[in-house]
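Asker: First to last, the sequence lines map onto chains A and B. Quick note on numbering: this note's numbering labels position 281 of the first sequence as 281, and the sequence is numbered without any gaps. Numbers given in this note's numbering equal positions in the second sequence, counted from 1, plus 1000.
It should be emphasised that the hints constitute simulated quantities derived from the structure, not laboratory data. These numbers come from a predicted model, not from an experiment. Possibly wrong hints are sitting among the right ones.
To be verified - If you want the ones that stay clear, here's a sample from chain B, every Cβ over 12 Å from chain A, calculated:
hint	residue
1	GLY1283
2	ARG1290
3	GLU1293
4	GLY1558
Unchecked claim - Distance ranges between label pairs, derived from CB positions:
hint	chain 1	residue 1	chain 2	residue 2	range
5	B	ASP1606	A	VAL180	35 to 43 Å
6	A	ALA106	B	ALA1512	28 to 36 Å
7	B	SER1056	A	SER304	26 to 34 Å
8	A	SER147	B	GLN1463	37 to 45 Å
9	A	THR590	B	PHE1282	20 to 28 Å
10	A	ALA106	B	SER1056	57 to 65 Å
11	B	ASP1011	A	SER304	50 to 58 Å
12	A	SER304	B	ASP1606	19 to 27 Å
13	A	ALA29	B	PHE1282	54 to 62 Å
What the hints assert, rightly or not - Interface residues of chain B toward chain A, partial, derived using beta-carbon atoms under 7 Å:
hint	residue
14	ASP1112
15	TRP1113
16	PHE1296
17	GLU1453
18	ALA1465
19	GLY1466
20	VAL1467
21	THR1522
22	PRO1526
Beta carbons: idealized from backbone N, C-alpha and C, even for Gly.
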Amino acid sequence: MIYHVSMSGSDLAAGTLEAPFRTINRAAAAALPGDTVRVHAGEYREWVDPQIGGLSDDLRITFEAAPGEHAVIKGSEVVTGWERVEGSVWKTTLSNSMFGDWNPFAQRVEGDWMRFPEDYEVHLGDVYINGVSMFEASSEEDLYEASERTLYMKPTVGYNPEYVLHPELSVYRWRAQVDVETTTLYCNFHEYDPNENLIEINVRKCCFFPKATGVNYITVRGFEMCHAACPFAPPTAEQFGLLGPHWSKGWIIENNHIHDAKCSGISLGKDGLGGDNMSTRYGRKSGHQYELESTFLELQAGWSKDKIGSHIVRNNVIHDCGQNGIVGHMGGVFCTIEHNLIYNISQKREFWGHELAGIKLHASIDTVLRSNCIYNTTLGIWLDWQAQGTRVTGNLLFDNARDFMVEVSHGPCTVDNNIMLSCFAMDNHAQGTAFVNNMIAGAVRQRKQVRHTPYHVPHSTMVAGFVNVYGGDDRVYNNIFLGVDPGRGEPPKITTNFCQVYDNFTTPEEYSSKMKASGTMCYETRFHAVEQPVWIEGNVYAGYAKPFREEKGYALAPEMQASVEERNGKWYLTLTVPEAVFEAQCVTVTSPLLGMPRITEQTFVNPDGTAINFVLDRNGCSREGKILPGPFAQLKPGTHTYLVWE
Amino acid sequence: MIYHVSVNGCDAAAGTVEAPFRTINHAASVAVAGDTVQVHSGEYREWVDPQNGGFSDQMRIVYEAAPGEHPVIKGSEIITDWERVEGTVWKKVLPNTMFGDWNPYVQKVEGDWIADPKTYDVHVGDVYINGVSMFEASSLEDLYETTPKKIITQNGWRFRDEYVQHPELTVYRWLGHVDSENTTILCNFQDEDPNAALIEINVRKCCFYPRKTGLNYITVRGFEMAHAACPWTPPTSDQVGMLGPNWSKGWIIENNHLHDAKCSAVSIGKEGSTGHNLASRFGRRSGHRRQMESMFQGLLAGWCKERIGSHLIRNNVIHDCGQNGIVGHMGSAFCRIEHNHIYNISIKREFWGHEQGGIKLHAAVDTVIEGNNIHNCALGTWLDWQSQGMRITRNVYHHNDRDMMIEVTHGPCTMDHNIFLSDFMLDNHAQGTAYVHNLIAGVIRFSASLNRETPYHFPHSTQVAGVAPTYLGDDRLMNNLFLGVQGEAEYWGTGNKRGFNFCEAYDRFTTAEEYAEQLLATGLRPHIQSAYEKVAQPVWIAGNGYAGHAKPFRKEEGAVMGAGAEASLEQVGDDWVLTLNVPESISNAHCEGVTQERLGMPRMVDQPYENADGTPIDFNEDFFGDSREGSVIPGPFAALTPGKHKLVVWKS
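Chain B extracted, bound-state conformation (with noise of 0.2 Å):
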């Protein structure tokens, strides 16, 4: 069954094409397993929520746009009849009936994690000028300035300071006051009429977000969606996305056009009965223990494959949100992230916590990123706890603070054929990640966390396996291609934290024959924990070419050095284009090829780095998923001659 929602339709009508329905959620009420509902142009004003859930794979419920048409779901609604209070602040009273219970403009950005601001409070409200959003003023006094705003808040990962990306738009301001009868929103708009320009505030939560957990095989396909007033989604919270599944299986969002969510556009993440922010809320515990708690309530509710995950997010593309482009703790395990591009992701600053990326995921296990387009964030992709199976390749990351970071996981991950091209490139708080055939322009940073352990799972499941901290080391990193763009006076931090180039910034650990003398020299017996905590975990590295200010692991066995290396990536029309500079020893190098085998598996974890069905990776692939041919070179091409290529990375 084929059911038809238009503008024009009614609620009343039968939902044939002829008489469509006027609302989503009409259509959302009566679609059954199987049935598509189609949805042509127009604005939608409606939090869509799905009442039912498909079968399976093959008996879904389709949601999409009309072929050809360009339907929009947007969480906020047009506000006209402004009055002006003085010079370019103008006011509007608005009944709170019109937000029912959750009203933006009382709902603080909060929760787990959050940090900065601390002096004033921010709100999941926004409003926008002809569909471009302002910021929300941090006093009645802050309101009037209008000097522009390079600095909000600052990233406390920050690799350097951090600005926001369009300073010129920070004078326009709004503050919300809440009574008990009405909300009064007061902007400053500036040299805007706002009675003359279409200005719409945040007032829905979400766009299409189930209220009901479990409901299975929903696809949502070529939408439009913008404005929503989600929340904070931390990993211990109920993570509510302006698009999302609600802690359910198997949905296919793509093809659609995701901007302007408060915090986070998609959520796969957790819901709220396994904890939400009970570390803020009652401070009993911390948040780190409390999530470890969530994962165990998660398990006790059914986390496993057979009823949570395995959703397919592709194509789509995200932009301008508060926090994260995806989002996802627990729900997150066993899904496919390809070929989204994901950009301007919480560079506009007006809040800080942990938990900001373009895609932010806990608990991903086994979970698939590829062939996404990831720039202007104030970083890339951040894979937190358990990230067990993943594999992140043929991913383009440029243009971000940061580009990736892995944190409390003790692998197997796979980091394959990706170009990194930010001046930071890896956050690094983790253990038994492989790093194969990636093209790296900038730094890393290690971090230990002796005192936050996390869990680790059986392979290819959601069943804990044992729980550890991380000591940092046992990764692999082969057949990379280094350009050291960052020299040694950009680097920010200070110690061993600070930032290093490549691989020199493993020289502190050991290979796997120290590892073993070193052990034994310790003169304790394998059963003592502190054993462990006295040696650094062995790393495997080869093979790896190295331009700029990159150097050699200092026992790394044919390391090729590439100086005149050197990348760009520039955008024409619908292509991302890499200019690559190919020094003859690169051209000519002969790496020996990278094996499941070669990488052996994680100490920690007793699990080959393999794809999510336990078959083997093929490393012989190369970016374009070319066969190598011949000799192995480092980066992610197959054989390239010496000199300059321009190579399409990445299509719209």
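Looking at chain A on its own, in the form it has when it is part of the complex (with noise of 0.2 Å):
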């Protein structure tokens, strides 16, 4: 069955092509497994809550744009009937009843890992002039201050200042009263006449996102989907996103056009029986306690591979988002996320905590990051916790304030074939990853962590163990390092570079014998005062990155430069290639030649428990003959232009 949704239609037709819905929940409450939503161009300002989901991949329920057609679902409503205030500011009174229980104006940015501002409110509204986001005015001088914001929030975790990627737009400034019955909106609109021009404001939560979890095998495709009151979604909380699965299994989101999420544009993330903001509303423990909490009482509501997670992610542009592009912990294993654009995510600086990033995933347990390109972000990918068995193959990211970050996670978690050109490529808080043919132009920074973390049997959400990261036991294999100036002009806080960075670390032969020197066998302080084994060979080396001290096969190359840029939708890299490139010595890379790490015993194989083949390159090339370093099965000497992503 297919039924049809339109602007002019009515919810009290049949929902055929020719008497259609008019709402995209009408056809929502119509539709069973095995049946299509057909929705025709126009706006539909709707939160779409899906009532039943799918069966199987095969009996899905799917929602999508005609063919050819532009369905747009917007979190917002237009405004009129401002009235002018005084210069520029202008206000309107509005009805709280138009906001039913979820009034954005009232809802605060807020949950624990949120850090700043810290001395006054962000909230979940938002105003938007002609599809422009505004910025929220932190005091009522502030709404009248005509000055840009540049460096408005400060992280603290990061490395060089993040900017404001569009400080003249700051000047563009709203402010929120809510009272009993009416809230009521100041707006510093500058040149524009809002009764002029098309002004909208955050109304509903979420565009796209069932209220009830365990909504399977449902298939969400061409829609542009914008303006959602999402709230702050830390791994700790019920991770609501403009669009989302909420803790179902099977879902395929691709085709479609998000942005504008006032936090997460797509999140794959737990529901609320895990814990929601517990350590900020009770203060007994602390997030990282009360997330690994989350994991137990998930899995008593059964987390697990025949429930949650196994979606299909891809083809979707995400951009200018406040919190994350793809966000998820837990829901998101098992899951493909593959050719997304993301970019321009948390780059408003509004608000700041912990959890930024184009993609954000903990527990991401066999899930496949593949072809995405991702740029200007806080963070391009963040993989915190769990990443076991999670492979990030063939991205292209760039123009990040920090490319990747793998966090208190134990691996077996592969890195390869990926273009990362930011000056900061990676936070390396995590033990038993492999780094395969990847081209890295930036910094590195190497953290041990005390937090201890869970790991799993193999393929499996059940746990393992639990352990602290030593750090090392990765394995560093085929790399291009670029080592470009971290510093980008900035007074740089990091200055370690690949291989280098793994100096302190061990060679197996040298931890095989400090082990054996350093007393009882089963004592925990043993395994803490020897450092853990690296493997790394093979690697060339540009700029500030060296090899690492007992590395072999490795070769120099001084001018080897590489820059990124999009002509039409197309990117393309301009490689420098000395004649010194060809001189490494590559080495064969299979999964059983990268073993297990130390702590989780598990292989680097793809989520089925199959071999990797490590001799495709970033586009599905075969490596023959003479393996060389980089994401390229083939380079040729000198300087060229690849088509890098499309």
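Once you've looked at the hints, go ahead and assemble the two chains, each given alone in its own frame, into the complex.
Answerer: Written out as structure tokens, the structure is:
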């Protein structure tokens, strides 16, 4: 059955092509497994709340834009009837009934790991002039203030100062006053007359997100969605997004254009049964403690391959969101996140907490992140906790404050054939990661962590143990490290580069002999006294990058350079390859060669347990003959341009 | 059906009282749920390996001594015809076939957490002259050496030097030598003629222990068992004891006399598939890490109230074992350990590892230890990991090197109405314990474990709810009577790790109000983990009585100064008599009664201090079960008049 929805339809109609419904929700109430809901061009200002899910991958419920048509779902409403207060500041008073039980101008951006601002509140509301997001004023004075914000929220864990992407837009400010009956909005529109321009405000929490959990096998295809007042989504909260499956299994989210989510564009994350900001609300235990408790609560509530995860998120364009492009704790297991374009994430700097990134996943067991293009984010990809069996392959990251972070995780996590061009490449606060055939420009920061996190029975959500991060246990083969100046003109905090950052760790031989000399076998202290081993071979070093002290087969290629630029929706890499690159003695990497991390004793394999084919390069071309460093099977000496994303 | 076993019987017989079986194992092969096996007087030198279990508490298989009779199960065999080597040293050559697949003279005392000796091997074999255990020589020279040894190995946890209990016996030494065919035992019998004395040697690993797991609801009653060559039983191993249920449910072990187990007399511990000394054998990860993993493996293997634990161990006499009287990781959950007499545990000091104590339990969720008499042990009781929902009540501890240790656990654990009379009362490496109405003579020592996280559970369940480090604190100490027998000069250790007297030992912690203020003052939001490492957890301390060197907590309310309070214990026939001097201040004290509401919940585990079935603990019942009427005074007893009292606190 195919149901049709049109701006000119009626919810009393039959939902046919000739007599379409008016709302997507009406179709969602009617659709059964196997049915398709086809939405025709127009703006649908509703929170689509699917009532039932499909039964299997073959018996889905599909929501899609009608072919060739442009269907938009907005969390905002148009607001008119503005009156001038003074100068360029205007106001309008709205009835609170407009917002139902979720008034975004009363709801704060708050919860666990939320940090700044500390001296005033920020809210989930937003105001858009002709579709462009304005900024919330910090005070009445600030509303009238006409100077631009540049460096607004200072992150505490960052590297270089992080700036507002478009400071010129920061002078357009709004401020809300909510009382019992009404919400009054004050806006400084500057040169714009709000009664002559399109003014929209955030009204709804979500655009497409079931209120119930366990609504499985839904496809969402081809929509534009925007303007959701979705809340901050730390791993210890019920993680709402503008769009998401809400603790379900088997969704396909593809070909959508998602933007202007107050916090997260797509959430694959956990529901509230595993705790909802308990640390902030009760303060008895830390967020870390509540997060590890949530693992067990959700295991009791059925967190398993059978019930949760296995989503496909592909070919979406996601941009201009406050917290994340894609977020998810536990619900992001066994997923494929492929060929999405993600940019301008948390670039307004209106608030800062941990948990800001292009893609932020906790417990991304057996999830594959492939061929995504991510730029202009505070952090491109952040794999936090239990990145076990996770693979990050063929992605393109550039112009991010940091490209990649892997945290309190014990492996195996495979990072291969990526291009990371930002000047701060990586925060490595984990162990047991394999870096193979990447091209990495920036600096790296290595940290140990006393915080203990779970590891799992291979390819399962069942917990096998807990451990801290000793650091090391990484494999680094056949990468190109460009060693770009990490300073970006600012005094750099981070000067550590690949692979000298591993110099404090041991070779397998050193590890084995030091352990033999380290006393009683079963004492935990012994494993803290000796640094874990690393396996490093066949990498190429340019710029500030230097080989690991015991590395074999490396090559120095100081003149090597790379840059990326966009032309008509295609991204091109310009690469200068000196002859020295070809002197690297690269390793034929296989799953058996990589062994297994000390803690998890799971091999570096695909989610189905088969060996990873490292012969294939980022374009799927076979590495034949001599294996070259970096993500390409073939390289030409000299300066050439390669198409790397479209 | 009742089957009979007699040393005059025959396994081809019918098993009736007139035609009994010869071996307990034969009865064990035919007994099914509902049956009883009655064993008549005599020595049974066999490893009883039950083949079947019962179905429920009512449909058990019962193994018992015939009424009024004295059956003994021994892991040893008698060895005769010794030939003299030289002087007082004799030898005997035995074929290895005698030992089957477990030769105690090859098998070492080894595995995770064993630490000493480091320079020579010790084995699970042993030799007994007229029933008295000899000592293994460290070398051939040592065999001939005739100086008694006061110290052989030293406890790494010791409070002060720990000595061999009977150094005069250390001159009786043996040494085993095993080749491909034979085992040769060399013994220095001193002035004894082995061919005139009874010489027995360890041969079997166990006396009564199923080789299969999951044999539930078996009762073992009224036996003497001795001389098992049972292995070292750390929590990360297949914990095999002289007697035990091997990862089953609902055993009753009562009225037995158990002694001379090389390591542990009763094991209610875990089995081997969830990990067996992996840290020592493979070395990839620490024992701590392996133990955490074994617990998750245990959950996958069905560790739950429905399948494992719920044993009743009562009225046994257990003594002279090398490692533990009672040991158990995980299988010890939901048990009652009641009115046992446990003494002389690991005081031969032939080897030392962590894991030695009269009772050593890991993850004994909801288990009750009540009314036991524990003395002359290297450590009376050691509650390690996940002592959640445990209650330790009305026990008498005395003459132990240390009475109690509680380690890397987060509460709630309740210790009430106990008598702790040794100089060192408590190694406190835990948080969330409530100490209520105890009589405590000795000192306390603390040690935090920020890098060894351990699990906690959903209340009254084995299901894991989280893991946490041990910050220390979060304890409750109410209405105890501290005798303060140890002066400053006698403390062992240095800094914060030295022994302290109650309750000034807790001065480093906070009150509930201080805790809230100091957390705020860190400026860190409540989700930040490091905030909780910066501020000492709160303690609730009130209404305790203090004598001797003991001093109140700096913020204690209702402390009673009880100078002159003194106690001593002596055995008079079957009675253990406490002589207690009660000063007037104690006698006239008016302490606030302790209730579940006053105790609250530990910070890490959202579970009240309550009974295993979720009902409140009645703290109004005193040591003898009498109701406290009128005013409440510190210590385990309801109202006592001033002056000297003689109280029978334990009866055999």
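Asker: Now, for every hint given, state plainly whether the structure supports it.
Answerer: Here's how the hints hold up against the structure:
1. GLY1283: Given that some Cβ of chain A is not farther than 12 Å from that of GLY1283 (chain B), nearest at about 5 Å, it is violated.
2. ARG1290: At roughly 7 Å from the nearest Cβ of chain A, ARG1290 (chain B) sits no farther out than 12 Å, so the non-interface label is violated.
3. GLU1293: Violated, since 4 Å does not exceed 12 Å.
4. GLY1558: 27 Å, holds
5. B:ASP1606 <-> A:VAL180: 35 to 43 Å: About 36 Å separates the Cβ atoms of ASP1606 (chain B) and VAL180 (chain A), which means 35 to 43 Å holds.
6. A:ALA106 <-> B:ALA1512: 28 to 36 Å: 33 Å, holds
7. B:SER1056 <-> A:SER304: 26 to 34 Å: 32 Å, holds
8. A:SER147 <-> B:GLN1463: 37 to 45 Å: Distance hint for SER147 (chain A), GLN1463 (chain B) is violated at roughly 57 Å.
9. A:THR590 <-> B:PHE1282: 20 to 28 Å: Because 24 Å falls inside the window, the suggested range holds.
10. A:ALA106 <-> B:SER1056: 57 to 65 Å: The hint (57 to 65 Å, Cβ to Cβ) holds, given that ALA106 (chain A) and SER1056 (chain B) are roughly 59 Å apart.
11. B:ASP1011 <-> A:SER304: 50 to 58 Å: With a Cβ separation near 51 Å, ASP1011 (chain B) and SER304 (chain A) satisfy 50 to 58 Å, so the hint holds.
12. A:SER304 <-> B:ASP1606: 19 to 27 Å: With a Cβ separation near 25 Å, SER304 (chain A) and ASP1606 (chain B) satisfy 19 to 27 Å, so the hint holds.
13. A:ALA29 <-> B:PHE1282: 54 to 62 Å: 58 Å, holds
14. ASP1112: 4 Å, holds
15. TRP1113: Cβ of TRP1113 (chain B) sits 6 Å from chain A, so the hint holds.
16. PHE1296: 5 Å, holds
17. GLU1453: Holds - the Cβ of GLU1453 (chain B) comes within 7 Å of chain A, reaching about 5 Å at its closest.
18. ALA1465: 5 Å, holds
19. GLY1466: 4 Å, holds
20. VAL1467: 5 Å, holds
21. THR1522: 12 Å, violated
22. PRO1526: Interface hint status for PRO1526 (chain B): holds (4 Å vs cutoff 7 Å).
Violated hints, listed in ascending order, are 1, 2, 3, 8 and 21; each of the other numbered hints is respected by the structure.
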